[in-house]
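Student: Note that the protein sequences, when read in sequence, are chains A and B. Read in order, the letters of the first sequence correspond to residues 1 to 210 in the numbering used here. Read in order, the letters of the second sequence correspond to residues 1 to 376 in the numbering used here.
There may be inaccurate statements among the hints.
DMTMM-like cross-link-like pairs, simulated, lysine to aspartate or glutamate; straight-line CA separation at most 25 angstroms [to be verified]:
#1 Lys-99/B - Glu-203/A
#2 Lys-45/B - Glu-76/A
#3 Lys-199/B - Asp-88/A
Some, not all, of what chain A presents toward chain B, calculated at C-beta under 8 angstroms [as the list claims (entries may be wrong)]:
#4 Glu-76
#5 Tyr-77
#6 Asp-80
#7 Glu-83
#8 Tyr-85
#9 Leu-87
#10 Ser-185
#11 Phe-189
#12 Glu-192
Stretches of chain B that chain A covers, calculated by requiring three or more beta carbons in the stretch to come under 8 angstroms of a beta carbon on chain A [as the list claims (entries may be wrong)]:
#13 118-130
#14 189-202
#15 252-263
Hints were generated in silico from the structure; no laboratory data involved. Note that the coordinates shown come from a computational prediction; the quantities given were computed from them, not determined experimentally. C-beta atoms are modelled at their ideal positions from N, C-alpha and C, and glycine is treated no differently.
Now for the letters of each chain:
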Amino acid sequence: MLNVALPKGRIGEKVYAMFEAAGLECPSIRENNRKLIFENPEVGVRYFWVKPSDVAIYVERGAADIGVAGKDILLEYEPDIYELYDLDIGKCRMAVAAKEDFRDNPQKTLKVATKFTNIAKQYYTSLGRDIDIIHLNGSIEIAPILGLSDVIVDIVETGTTLKENHLAVVETIVPISARLIANKSSFKFKNEAIESIVKKLSEIGEASHT
Amino acid sequence: METFDSVLKYEEKAVFGLRALYRKFGYTQYKMSKFEEYELYVRNKDFLVSDNVITFTDTNGRLMALKPDVTLSIIKNGSDEPGVVQKVYYNENVYRVSKGSHQFKEIMQVGLECVGAIDGYCISEVLGLAAESLLSITADCVLDVSHLGIISACIDRLQPDEETRAAILKCVGEKNTHEITAICRNAGLDETLTATLVKLISTHGTAETVLPVLRALCADDAAALACVEELASVVGALGNTRAASVIHIDFSVTSDMNYYNGIVFRGFVMGIPTGILSGGQYDKLMAKMGRKSGAIGFAVYLDLLERLEEDEQKYDVDTVILYTENDDMDALRGTVRMLTDAGQTVMAQKAVPEKLRYKQLLRLCGKGVEIVEANA
């Protein structure tokens with residue numbers, strides 16, 4: 001039985017559709033109920049819906065053999081897993097944003113508000129820039145407006161939220177998309193099943209690009 | 001009935017098995033103090049699994065550490081005589097920060113080190129013992145083996161800058177071929193050589209299936225090809241043994257290249273989500289510590305084995321015997337002895353402890369007992 005952790009929400013539904021097309025169908029998952037675990041013994045798959053930021057933990061700890069997590073989560077938590085395929089969906093970017101009239105003063109410590117402290121630290125370390133990290137859990141966009149921070153490091157999809165709050169992207173740190181990840185031990189002992197799904201997903205991906 | 005074997009925990013049984021295995025091949029036990037001078041670890045911080053070390057100031061003012069690692073002490077205290085190989089095993093507790101809890105943990109670790117004038121025989125012996133170590137735990141195991149010389153040669157040919165090289169190496173450990181392709185493309189590195197590296201990372205399996213692919217991939221690189229032949233020779237030396245059957249060539253094993261060189265490996269057993277054995281050849285660490293010779297060794301992380309424990313016992317004890325202060329103590333002792341001689345676990349109590357799970361509850365009555373409750 002292959003245990004698959006899917007991220008709850010719109011991306012998760014897209015991912016399931018891809019897995020279904022790859023032959024790992026589980027019709028009960030489409031039933032409208034509050035169940036979180038779905039199983040199809042005939043094709044040997046068990047799906048469970050988890051919070052998108054928790055997928056990597058389920059996979060790293062072996063509760064799931066494989067899962068789909070955003071690159072942002074993988075960069076932030078650096079789980080000890082295999083990253084096997086870029087599903088090329090849920091595309092966005094990790095970016096530095098600031099007030100439209102922001103001008104960086106390199107002589108001052110830069111105040112950075114973010115949910116992604118690890119990514120922000122690594123990015124500014126690579127630039128040799130001294131920063132003061134302010135960890136926030138949500139509504140990051142208001143930090144520069146209220147003077148809490150000079151810039152924010154956050155995910156930008158369309159940029160509408162930034163624009164509506166008179167913010168603009170200063171720099172793109174890294175492009176983000178959904179990635180297929182696998183537990184290292186499961187990859188050894190369920191190798192055929194995992195490699196087969198990677199192959200089918202990449203075939204589906206290639207077909208959609210042609 | 002409880003047997004000696006059933007009383008032992010999984011990791012305790014494993015310790016006995018591993019010690020017997022290593023002694024069979026002439027490895028002697030290395031005993032060390034719980035403390036070591038902190039300076040030893042500071043100088044080789046990157047070699048440690050975690051940066052954090054518990055320190056304290058000794059009565060003589062020296063800064064000491066609770067050992068986070070055993071290998072560094074073995075090298076420090078070992079001799080460096082030409083032509084001599086020191087073969088030791090250890091069974092020690094180490095103190096590290098757990099990645100999950102971010103708190104210090106005492107971890108039971110068993111391992112061995114082969115230090116000195118090591119040759120092909122020593123390397124294949126250690127590799128074989130690593131495989132046998134996994135097999136002594138369970139038959140469902142895999143020992144991933146890689147050669148850092150091959151990975152290094154394939155990356156060097158791309159001529160990346162230091163930052164790109166580090167990013168590529170991280171991806172190698174993740175089997176992240178799509179990211180390697182993107183990194184190399186963005187850095188303007190050679191596409192054909194990138195494709196060779198991607199093929200190398202994607203190739204894994206038994207020596208029989210992988211070696212021909214490696215020979216073809218490294219055909220035009222003498223240094224890489226020499227490493228492939230070394231890998232073939234070390235793995236081939238194990239012949240058709242049980243140990244050879246669990247060996248799997250996989251280049252996602254990437255230990256720190258500042259310390260390790262040559263053969264590196266990581267062991268997995270079914271039911272444990274992370275590697276439980278890690279090792280390799282660390283001649284570079286030896287050189288950093290002023291030694292002229294080489295070394296190879298591995299550690300088995302026994303704390304992870306508790307995940308393999310079978311279902312928890314349903315009962316804490318077979319029988320609880322209730323008695324009062326007025327009861328005959330000789331009769332109580334006699335009853336307890338009779339039941340323990342019959343192979344039962346017995347607890348004599350004046351009242352049943354809260355949450356204790358037992359098969360039967362007896363009460364002492366004169367010279368005999370009466371059954372108060374029977375659960376099984």
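Student: Mind checking the CB of Glu-192/A against every CB in chain B and telling me if the closest is under 8 angstroms?
Tutor: violated, 12 angstroms
Student: Compare the distance between the alpha carbons of Lys-199/B and Asp-88/A with 25 angstroms, and conclude whether the hinted pair is satisfied.
Tutor: Measuring from Cα to Cα gives roughly 21 angstroms; hence the hint holds.
Student: Classify the hint on Glu-83/A as holds or violated, based on whether any CB of chain B lies nearer than 8 angstroms to its CB.
Tutor: holds, 4 angstroms
Student: Next pair to validate is Lys-99/B with Glu-203/A; report whether the Cα-Cα distance is within 25 angstroms.
Tutor: This hinted pair is violated, its Cα atoms lying about 36 angstroms apart.
Student: Sort out whether Glu-76/A lies within 25 angstroms of Lys-45/B, counting only the CA atoms.
Tutor: holds, 23 angstroms
Student: Holds or violated: Asp-80/A as interface residue toward chain B, Cβ cutoff 8 angstroms?
Tutor: Given a least distance of 6 angstroms, the restraint on Asp-80/A holds.
Student: With 8 angstroms as the cut and Cβ atoms as the points, is Glu-76/A at the interface with chain B?
Tutor: Status violated, d = 15 angstroms.
Student: Please count how many residues of the stretch 252-263 of chain B have a CB within 8 angstroms of a CB from chain A and say whether that reaches 3.
Tutor: violated (count 1)
Student: Classify the hint on Leu-87/A as holds or violated, based on whether any CB of chain B lies nearer than 8 angstroms to its CB.
Tutor: Cβ of Leu-87/A sits 10 angstroms from chain B, so the hint is violated.
Student: Taking the least C-beta to C-beta distance, is Phe-189/A closer than 8 angstroms to chain B?
Tutor: holds, 5 angstroms
Student: Just to be careful: measuring from the Cβ of Tyr-85/A to every Cβ in chain B, is the smallest value less than 8 angstroms?
Tutor: Nearest chain B Cβ about 7 angstroms off; hint holds.
Student: Using C-beta distances, would you say chain A covers the stretch 189-202 of chain B, given that this needs three or more residues below 8 angstroms?
Tutor: With 0 residues closer than 8 angstroms to chain A, the stretch 189-202 of chain B misses the three-residue bar; violated.
The structure shown violates the earlier hints numbered 1, 4, 5, 9, 12, 13, 14, 15.
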